[in-house]
Amino acid sequence: MLQSNLVDVMVLTVEAAATLAFAVSGMLEAARKRLDPVGVCVVAGLAAFGGGTLRDILLDRRPFFWVAHATWLWVLLVACIGAMAWLKVRHVVLTHRAMQWPDALGLGLFSASGTQLAMLQGMPAIVAVLMGVITAVFGGVLRDIVCNEIPSAFADHKPYAVCAFVGGWALLGLQYLHVPDGLALLLAAAVTFGLRLWAMQTNFHLPGWDTGH
Amino acid sequence: MLQSNLVDVMVLTVEAAATLAFAVSGMLEAARKRLDPVGVCVVAGLAAFGGGTLRDILLDRRPFFWVAHATWLWVLLVACIGAMAWLKVRHVVLTHRAMQWPDALGLGLFSASGTQLAMLQGMPAIVAVLMGVITAVFGGVLRDIVCNEIPSAFADHKPYAVCAFVGGWALLGLQYLHVPDGLALLLAAAVTFGLRLWAMQTNFHLPGWDTGH
Amino acid sequence: MLQSNLVDVMVLTVEAAATLAFAVSGMLEAARKRLDPVGVCVVAGLAAFGGGTLRDILLDRRPFFWVAHATWLWVLLVACIGAMAWLKVRHVVLTHRAMQWPDALGLGLFSASGTQLAMLQGMPAIVAVLMGVITAVFGGVLRDIVCNEIPSAFADHKPYAVCAFVGGWALLGLQYLHVPDGLALLLAAAVTFGLRLWAMQTNFHLPGWDTGH
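Residue numbers (my numbering), protein chains in the order written: chain S, 1 to 213; chain Y, 1 to 213; chain B, 1 to 213.
Do not rely on the hints blindly, as some may be mistaken.
Capping the alpha-carbon separation at 27 Å, the derived lysine-lysine pairs in DSSO-like fashion look like this [said to hold, decoys possible]:
| id | chain 1 | residue 1 | chain 2 | residue 2 |
| --- | --- | --- | --- | --- |
| 1 | S | Lys33 | Y | Lys158 |
| 2 | S | Lys33 | Y | Lys88 |
| 3 | Y | Lys33 | Y | Lys158 |
| 4 | B | Lys88 | S | Lys158 |
| 5 | S | Lys158 | S | Lys33 |
| 6 | S | Lys33 | B | Lys33 |
Some chain B residues close to chain S (C-beta under 10 Å, calculated; not the full set) [as the list claims (entries may be wrong)]:
| id | residue |
| --- | --- |
| 7 | Lys33 |
| 8 | Gly39 |
| 9 | Arg62 |
| 10 | Lys158 |
| 11 | Gly194 |
| 12 | Leu197 |
Cβ pair distances, simulated, as ranges [to be verified]:
| id | chain 1 | residue 1 | chain 2 | residue 2 | range |
| --- | --- | --- | --- | --- | --- |
| 13 | Y | Trp74 | B | Gly122 | 16 to 24 Å |
| 14 | Y | Val9 | S | Val7 | 22 to 30 Å |
| 15 | Y | Leu12 | S | Pro207 | 21 to 29 Å |
| 16 | S | Leu183 | Y | Trp74 | 57 to 65 Å |
| 17 | B | Gly122 | S | Pro207 | 31 to 39 Å |
| 18 | S | Asp156 | B | Leu77 | 17 to 25 Å |
Everything labelled a hint here was simulated from the structure, so no lab data went into it.
All residues carry an ideal CB built from backbone N, CA and C; glycine is no exception.
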């Protein structure tokens, strides 16, 4: 009982940190592209909630996270406006490096929880893993599409979606071994998180492909 | 009774004018990007119906407007082909200025009706207002994405979505005060419309944001 | 009985060939844009399954093709990785010309089957034809949007969606004449296929449109 509560609190804390990290990634890209405040809020919202929303549309699940917990929309709105006001006064440079940690946490947690959700709906294994990847990665993809960029998840040759993919399979393996749900979620998230950090540390690059066109 | 009929006719007239204005905005951008006739029709259709369709997907509502009223698809198709043929013969320059009025009418009406629809489905207030903004604004967003541009609603620093956002809250305020539905719709649409026109007249600009990147 | 089986086998064979052709079109564009292997797989998947998935979202149909037949996801994944490995070793140039045939087959078959599906759901004629076009064309549209290009289906001035549009109406005409379903499907697909090949042979161009902007 106590342990399950502890897992819940941990998951909630990581989720909040990761959602904010995703939102900040949207704000930064919007600022780089010189969007106006509306664009900053929309792109931050897409980055934070876009992946889970697309997953829910594909799985035909309702209500969306941001409908069931509409308070998060207020948090996002206030955070965006606050950040814009604050950054106008103080010149803070939010480096990509500072965001790697929460972003990798989100990658791990959202892919594991997305995979778990899809399994509960009786999806085939490969589809469930794919739903996990979509949950974790497609917020950033929508962010980049709206900002008129090729999605960095598909083009920067650093393992990102691949880590979520491996973590999804880890979750299915742990479920197969009858590991309790909460623990399996955390372990699978840790696999993705660890892989992502390791890839960043070693500057691992996915092989390129040149067709000579 | 008579009054309610009058409101219905007014709403229908404004809706038709606004849908056409949105379609024309799609045609103009498609022409600027030198799309072929298929592209012109598709982008016009996205601009006209894309926002409402996305709202209905998010709210899980069926049938879509253009399925229940499929005649509108014919109107759009004939209008696009007619306009292309006509503009080949006569050199008419449809200025942005000429389209400001019907576009602002559409912004007002569609955001108010989108908010109202979402409230009827029991959405939280902030979600309902967001649905109104999506209804009014995301047709243009999809138009710009297909045309490979950063959506002007997020980047031109002129209040557009913001006006729809305020109008949505106005609608909720009027509903709270038990103003009859038809009247509340028109008043909220007028708030958005008035704000938008005022912003255009005064050349009001949303503050920029520079992170130094 | 035998005849119906023969039709089924033919349809299945053409579908497989066409899905692979669409996937290859995605791989080639991803390679041209120097995406990483993740991007290659995602864009290939979007090109292959994106049109049918969007149609199913619009028609509110579940499960998607790639959920009901999840094996296809494995086929796609293995094919993409295999192709990338193979093309690294041997320098094969997959010309657009070599892909015209299976692509035109897919255009014909997917537009006819998409139209048929929508008719079964009781859609109005124009909506059903539009759903056929979306099934056949929007995989390529999503592919181009993710690759940050204006969709070629809307901009290359060669008849593509138009052929699918005509084929959709041919299907409705054949159904009206009480032609059996399987035969009507093949004939309508043949109309689209023939039109597309004829347009390629004669280098037919859709008229341009210049607004002087």
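A quick look at each hint next to the structure:
1. S/Lys33 - Y/Lys158: Holds, at roughly 16 Å.
2. S/Lys33 - Y/Lys88: 36 Å, violated
3. Y/Lys33 - Y/Lys158: OK: Y/Lys33 and Y/Lys158 at ~22 Å, within 27 Å.
4. B/Lys88 - S/Lys158: 19 Å, holds
5. S/Lys158 - S/Lys33: It holds: about 22 Å lies between the C-alpha atoms, which stays within 27 Å.
6. S/Lys33 - B/Lys33: At roughly 21 Å apart (the allowed maximum being 27 Å), B/Lys33 and S/Lys33 satisfy the hint.
7. Lys33: 6 Å, holds
8. Gly39: Cβ of B/Gly39 sits 3 Å from chain S, so the hint holds.
9. Arg62: 5 Å, holds
10. Lys158: 20 Å, violated
11. Gly194: Not OK, violated: B/Gly194 not within 10 Å of chain S, min 29 Å.
12. Leu197: Hint violated; B/Leu197 Cβ to chain S Cβ min 24 Å, cut 10 Å.
13. Y/Trp74 - B/Gly122: 16 to 24 Å: Given about 18 Å between the Cβ atoms, the range holds.
14. Y/Val9 - S/Val7: 22 to 30 Å: Since the Cβ atoms of Y/Val9 and S/Val7 sit about 59 Å apart, the hinted range of 22 to 30 Å is violated.
15. Y/Leu12 - S/Pro207: 21 to 29 Å: Violated, since Y/Leu12 and S/Pro207 (Cβ atoms, about 59 Å apart) do not stay within the stated range.
16. S/Leu183 - Y/Trp74: 57 to 65 Å: 58 Å, holds
17. B/Gly122 - S/Pro207: 31 to 39 Å: Distance hint for B/Gly122, S/Pro207 is violated at roughly 49 Å.
18. S/Asp156 - B/Leu77: 17 to 25 Å: 21 Å, holds
Checked against the numbered hints above, the structure breaks hints 2, 10, 11, 12, 14, 15 and 17 and satisfies the rest.
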